[in-house]
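Engineer: If you want the building blocks of each chain, they are given just below.
Protein chains: 2
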Amino acid sequence: MNNDDRWFQGHLKDLDPAECWELLAASEVGRIAYVDDHGPLALPVTFRASDGSVLFRVSAYSQLARHLPGADAALEVDDFDYFTRTGWSVLLRGRVESVDSDALPPEQDRPTPWPEGLRSLYLRLVVDTVSGRRLLEA
Amino acid sequence: MNNDDRWFQGHLKDLDPAECWELLAASEVGRIAYVDDHGPLALPVTFRASDGSVLFRVSAYSQLARHLPGADAALEVDDFDYFTRTGWSVLLRGRVESVDSDALPPEQDRPTPWPEGLRSLYLRLVVDTVSGRRLLEA
Chain A
27 MNNDDRWFQG
37 HLKDLDPAEC
47 WELLAASEVG
57 RIAYVDDHGP
67 LALPVTFRAS
77 DGSVLFRVSA
87 YSQLARHLPG
97 ADAALEVDDF
107 DYFTRTGWSV
117 LLRGRVESVD
127 SDALPPEQDR
137 PTPWPEGLRS
147 LYLRLVVDTV
157 SGRRLLEA
Chain B
27 MNNDDRWFQG
37 HLKDLDPAEC
47 WELLAASEVG
57 RIAYVDDHGP
67 LALPVTFRAS
77 DGSVLFRVSA
87 YSQLARHLPG
97 ADAALEVDDF
107 DYFTRTGWSV
117 LLRGRVESVD
127 SDALPPEQDR
137 PTPWPEGLRS
147 LYLRLVVDTV
157 SGRRLLEA
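Residue numbers (my numbering), protein chains in the order written: chain A, 27 to 164; chain B, 27 to 164.
Calculated from the structure, these hints are not laboratory results.
From a predicted model like this one, the values you see are computed outputs, not experimental measurements.
Each hint should be verified, as a subset may be incorrect.
Which copy? The list can't say, so a pair holds if one copy fits it or any two copies do.
As the list claims (entries may be wrong) - Dumping the calculated SDA-like pairs for lysine to any residue here, alpha-carbon to alpha-carbon at most 20 Å:
id: 1; residue 1: LYS39; residue 2: PRO141
id: 2; residue 1: LYS39; residue 2: SER124
id: 3; residue 1: LYS39; residue 2: GLN89
id: 4; residue 1: LYS39; residue 2: LEU130
id: 5; residue 1: LYS39; residue 2: GLY65
id: 6; residue 1: LYS39; residue 2: ARG159
id: 7; residue 1: LYS39; residue 2: GLY78
id: 8; residue 1: LYS39; residue 2: ARG136
id: 9; residue 1: LYS39; residue 2: TRP114
id: 10; residue 1: LYS39; residue 2: HIS93
id: 11; residue 1: LYS39; residue 2: VAL125
id: 12; residue 1: LYS39; residue 2: ASP62
id: 13; residue 1: LYS39; residue 2: PHE106
id: 14; residue 1: LYS39; residue 2: HIS64
id: 15; residue 1: LYS39; residue 2: GLU133
id: 16; residue 1: LYS39; residue 2: GLY113
id: 17; residue 1: LYS39; residue 2: ARG150
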C-alpha cells in the first residue's frame with residue numbers, strides 16, 4: 027500500500043435519499059455515533075430501517091441506554107470492497123427516542139441483536155437528514 | 027430475520043489493547059466520529075495505525091478539515107461476518123491534531139485515500155483510550 031498518485035482512485039457520487047433507504051433496508055449492522063462524558067464515539071449496532079426511522083435494541087444497563095434516549099445521534103452504514111476499493115456509505119442524523127412496547131412493529135420487523143444477553147430497550151433514531159455516497163471504480 | 031430467542035446468539039469478549047492494535051494494523055478503513063454544528067456523526071476514512079496513533083488524510087476544504095483539528099474524536103473499526111454473525115470492533119478515542127509535512131512518516135506508511143481528489147491535510151488521532159470486543163459464535 028502506498029499513496030502514489032499513479033494509483034487509480036475512484037469517483038465519489040452522492041446518493042439520493044431513496045437510494046440510501048434502499049441500501050439501509052438491505053443492511054443489518056451499522057455504527058451509532060453519539061456523545062458521552064468523554065466526547066464523541068461510535069459503536070456497532072444491529073438495526074432495522076424503514077419509513078424514515080431506524081429501530082435498534084440495547085441492554086437497559088448499557089452505556090447506550092444511559093446516553094442515547096433524548097440525544098442527538100447518527101447511524102453510519104457502509105459496505106466496501108477492499109479489492110476494488112469501491113463501496114458506499116450512508117449517514118442518518120437525528121434524535122433518539124425510547125419506544126414503548128405497544129408502539130413496536132411486529133416481531134419480524136424488529137432488529138435482532140447478534141450478541142447474547144437481554145436487550146430489552148428499544149430505541150428509535152428519528153431521522154432528520156439522510157446522506158450517502160457511492161465510491162465507483164476509477 | 028427475526029428476534030426469536032431460539033436464535034443462537036454469540037458471546038462478547040473484551041479485547042486487550044495489544045489485540046486491538048494488531049487488528050488495526052491489518053485494517054485500512056474505519057469511521058471517524060466527531061461533532062459538528064448539528065451534533066455527532068461518523069464518516070468512513072482510510073487510515074494507518076501504528077504506535078498509539080492513527081494517521082489519515084482529508085481534503086483541506088472538507089468538513090473533516092473544518093471540524094477535526096483540535097477536536098475530540100474517535101475511530102471505530104470493525105469486521106463482521108454476516109453469515110456466522112461473528113466479528114470484532116475496536117474503538118479508539120482521543121484528540122485530533124494536524125501533522126506538519128516534516129513530521130510525516132515515510133510514504134509507504136501513510137494512508138491511501140480511496141476516492142480521487144487531493145487530500146493534502148494529514149491528521150493524527152492521538153489516542154487516549156483503546157477498547158475492543160470480539161463477538162464469538164455461540
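Engineer: I'd like to know which numbered hints this structure contradicts. Please list them from smallest to largest.
Structural biologist: 2, 4, 5, 7, 8, 10, 11, 12, 14, 15, 17
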